[in-house]
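*Asks:* The chain contents come next:
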Amino acid sequence: MNISIQHGRLIDPANGIDTHADLHIAEGRVAGLGEPPEGFVADSHINAEGRIVCPGLIDLRARLREPGGESRATIASETAAAASAGITTLVCPPDPSQPIDTPALVDLIRHRARSAGHCRVLPVGALTQGLEGQQLAEMETLRQAGCIGVGNGLQAVENTQVMRRAMEYAASQGLTVFLHAEDPWLAAGGCAHEGAVSVRLGLTGIPEAAETIAVARELQLIEQTGVRAHFHHLSTARAVRLIARARYEGLPVSADVAAHQLYLTDMDIGYFDSLCHVRPPLRGQRDREGLREGLRQGGIDAICSDHQPLGADAKLAPFPASEPGISGLETLLPLTLRLADEGLLSLPEAIACVTARPAEILGLLADGQGGSLAAGARADVCIFDPEPYWELRAEELQSAGHNSPFLGWELKGRVECTLLAGELVFHRC
Amino acid sequence: MRRHSLQHDAEGRLRHLLTIEGLKRAQIVDILDTAESFISVSDQQVRKVPLLRGKTVVNLFFEASTRTLTTFELAAKRLSADVLKININTSATVKGESLLDMLHNLEAMQCDMFVVRHADSGAAHLIARHVAPHVSVINAGDGSHAHPTQALLDMFTIRRRKGEFAPLTVAIVGDIKHSRVARSQIHALTTLGVSELRVVAPKTLLPADVETLGVHVTHDLDEGLRDADVVIMLRLQKERMQGAMLPSEGEYFRTYGLTEERLARAKADAIVMHPGPINRGVEIASSVADGPQSVILEQVSNGIAVRMAVMSMVLGRAPREEGA
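These protein sequence lines map, in sequence, to chains A and B. Its first residue numbered 6, the first sequence is counted upward by one per residue in the working numbering. Its first residue numbered 46, the second sequence is counted upward by one per residue in the working numbering.
Derived by calculation from the structure, the hints in this document are not laboratory data. One thing to keep in mind: the hints can contain errors.
Unchecked claim - To spell it out: a stretch of chain B is covered by chain A in this simulated footprint if at least three of its residues, at any positions, have a beta carbon under 8 Å from a beta carbon of chain A; those stretches are:
id, region
1, 156-170
2, 185-198
3, 338-346
Claimed, not checked - Some, not all, of what chain B presents toward chain A, calculated at C-beta under 8 Å:
id, residue
4, L51
5, L144
6, L145
7, R225
8, R228
What the hints assert, rightly or not - Covered, in the sense of this in silico footprint (three residues per stretch, anywhere, with C-beta under 8 Å from a C-beta of chain B), are these stretches of chain A:
id, region
9, 203-211
10, 312-324
Backbone N, C-alpha and C fix where the C-beta goes; we use that ideal spot for every residue, glycine too.
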């Protein structure tokens, strides 16, 4: 089917485009911008006047809970939520209940995502078997089964020798390693940033050093092994500086930050608001500013949702006993746009953080497999109205997880249509 | 969001007592004054007043306790309330669930007050957020967060012995990091405005950024005790040796244990307090615990009057205008 998206403002950071032009789509790919290409006849038109048309969003980290946690969320429910939020590609990390350490698991996830048809899901395969940090997972097999890279989820690889070998092996197969940087000993038992708030509330703290020590160790190993690595959801200003320096020295590393870390701090915990219980924890004001600065200066490449849908019961417990996590898919775009409103980034720069930059990290950009509206690229498109303010309400969330600390916030910018490889997968009535 | 006024009602009166933090100085003084009036009740032949007749108080203890539970029970009975005691053994796996399940069950019964003790910080706040509008919650200790009635009875004891708070130098010695008592005492003492508040411990027993609570930090016991009017010793849990917090009990006693010799650095009329239970020869020498400057047993008996005061003030509020 051929589609023309007309009269919109096209923002395609990968190609430096910010202009008012029509976008033409044929057979799931971008056919051209501006005047329709020769012989192109549109079967349908989408009027995007007053709207922004950009590449579909790419979320570098979203937990989907399936298989294993279907009572909380399913691939169908979460990919539908993603489509409603303009996201066309989700990267799904392994976790102990779905360690993604066998091709069967990879097939299952990809199959369920394909049959739901709302959003592409790219699994990250296990770095070690069962994420236990002892034996290497079958990384090459996992790559062939469709994993975009390898990682160990939130589980630490405590043994430095195992981590080194894992990186060496991943490097040999040309795989990117996705890292959650947290020293398991320093973080043990912790549930909040170690600082003035955790002191007051008597919560066991997770010190800044839990992150910086892990980042420093991994950077040394990255340098030694030459593996291409990506750090997920950084939470401290010091870790951003460590990574920025490593990049300056030429290390092949990239990093993302979870959208909520750019707005919330440990102060938002108030008196034990378990919706603010998240891992890594919300840090202090200086860290939040450091993360924002990293985004502006390029120490951090991308913004992810770090989506973690949870049922109501998971948060109905005393703070330390509640489960960490934020349902973040549906706030990813509005929180990213807000950075432009606040003047931290230009609008195209902000959009790049959830399109072109993550596409580059995943190696999708060069192949036209996402993050770009260049002719011939996969037609993953997000069309949003940048103007309206809307209130985030639990009953209107599409995700099965209503665990958002942003409930009640006035957000700006709303997705109208989402196209996945040229198919309309979401349309706001 | 009314979360910042969770423990106050619309008129600013105490609806729950969850933490000392956020109480006004006048409110604390009011509680202490009320407790003073109940002291005489304990001395009478008939030790009961009918203030809470017809009310039901539930002691909901998710964590073992003897003194706190007993004094709450005595306090409620002396106010003529009906008292129910529920001990819940928490296994780690069902901790969260059992708390809320229990709560929903109790909501269905006609209870007026829950006195809650729980091993997790924030448990009392969680319960207060979910109880029916007419129910009050008293925090009898949650994790390392707060133990407000203990701090209030300590303030009561200090006031009876020392009078004014303003000129006092107070030293809190020991495991501040894991102590809900210390956190509540710090809030109470800074709100009442003592002249100087010191915490004394090795860094392993102090939370990071503890000075943000408004205390002076020292790692030297002699310096911490110098010219102090009040010395508060905290209990040292034996588990601290395993967590690499301390080398040994012996070294702890030699470095931070309160002996007569070290107490001599405080003022001659300094009082020694301890929330109990005491580890003799670990944080305090028997000769000090049983000595003339010790007010440790007085603290326990004052606990009843202070808990009577808190319960009667929280439950004895004039009925609120409905529809407000």
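*Asks:* Hint by hint, say whether it matches the structure.
*Replies:* Results of checking the hints against the structure:
1. 156-170: holds (count 6)
2. 185-198: Since three or more residues must qualify, the claim that chain A covers the region 185-198 of chain B holds, with 5 doing so at under 8 Å.
3. 338-346: violated (count 0)
4. L51: 6 Å, holds
5. L144: 7 Å, holds
6. L145: 5 Å, holds
7. R225: Check passed: Cβ of B:R225 comes within 6 Å of chain A, closer than 8 Å.
8. R228: Because about 6 Å separates B:R228 from the closest Cβ in chain A, which is inside the 8 Å limit, the hint holds.
9. 203-211: holds (count 8)
10. 312-324: holds (count 5)
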